[in-house]
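**Q** According to our numbering, the sequence shown is numbered sequentially starting from 21.
Only true hints are included.
Computed list of lysine-lysine pairs in DSS-like fashion (alpha-carbon distance at most 27 Å, straight line):
no.	residue 1	residue 2
1	K328	K300
2	K277	K300
3	K260	K309
4	K451	K309
5	K182	K219
6	K328	K277
7	K182	K169
8	K356	K380
9	K198	K130
10	K380	K455
11	K130	K183
12	K421	K451
13	K321	K224
14	K130	K300
15	K455	K309
16	K198	K182
17	K260	K219
18	K260	K300
19	K169	K328
20	K182	K224
21	K130	K182
22	K260	K321
I should point out that these hints are in silico values taken from the structure, not numbers from a laboratory.
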Amino acid sequence: MRGLLSLTLMMLLLSVILGFYHWLEFQSEVSADEDQAIQLNIDLNYQADVVNADVHFSVTKKREVDINIPEQAELLDCQLNGEECLVEDISGLDETDNLLIRYQIPFNVKDQVLTHWIPDISSNQASPRYELIVTSNLDSEYEWYTFSKPVHEEAMEHINYKKYHITNTNNIPLIVLKGNYEEMYLPNQIGVLASVPFKLESLKELIQDFSNIENQLFIINPNFDQLHSEHISFLEHGEKSQVASALLSNQIMEQIKVLQEEDYVLLNAINHYFYSSGAKSEHGQAIVKELQQHLTDSDRKAWLEILKNTNQTHETLGGLLDESLNELNLNTNFFKENSNDELHSFTLIDQREVFYQNEKVSLTNPLLNLDGRSYLALDDFNDVTQFRIINTSPEDILIQKESDQIRLFPERDLVIINEMSYRTEPNFIKKVNGKLYLRMDGLDDVLPISVRMSNDQIHIRE
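Input sequences plus hints: build the corresponding full structure.
**A** Dropping the structure here:
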């Protein structure tokens, strides 16, 4: 009995020691994280169509920094340790420095969303942490929100006061709304504002399907049109399809360095393709139709899983979408080509290298894979070989090599070589996105040329 009691006491003592060790380890991690951080204490006040920002910077360890205030901001004051300074002259801070930058940004509550208002801080050594205090007039019919839950809020004598602690972001969007909204929050700085009943459990379930959803605010109001922007989604209702559409949009937008205005057409088209929402523009609807015609249901499901888990930064949205299709061996430039208002049909790229007289050649236009066959652009055929295109018209193409003259007919399965007529196989010539292409595996049947193809190379010889 005494031995059992001793063993029990030893186990309890061991548990206490292990618990204390893990607590010390946790505190060490927290301290290290704080040691790496640049602290920004921001006082934000809205009055008369202007947002005033007082930003105090501090560090716990000497840091190199490069600070830029927002483009739309008017600088009012910059003080380092109580003395006037220039923002562009600040290249570093140490633990004794007290930096204050004060500026104002024009803002009308009718615009609803204020974004990219935080100073941009470039530092390879530290990440920003924010204590944000937002104040506004007590008698205002509007209220301010962001994706994080306030750590403190109250109505004071003349102002509404909200305090936030925010990390892991370089952009804290603020939205101003009037009316009654139920506020709901999830971990990773995810917020929901709903003017109609909404079940938070449905959002929790959907988030599990995505690799990295954070710093997002969802506004659910039947009076708003469905719209997705950086960190904020407006939804007409809380049905799963719209919520999933918003999550996918946010997942994709987080990976793009700079979103262009035309990117939203592509984004809406993707939402419509997967969730039957968005794609209100004619160009967006045409993109969806192309995808529906050329991708199988299996392609669609596999592609959606890839997009849900994408986590690599891309320069452009078109590049991200094309590369995600490449993972399914659907090699295409479809979305890059459709980044403007002119529709380009969905085509696959033949990635084989092309050689002429045993030398590798560069093509101006991608080699296409159409219906499982390789097609070379007529322009590239002219540039690469000794054949010269003399004339092209909707009716015929005149090609010359030395004393030979060859006429091809895009609309007919016919070729004339030195006045002798020959039949060609169907679809020997195809017009794709305004350009003419020649089918490689039938080229040596029509022209005095040799074409040999392997899995990774195509050789043309004369």
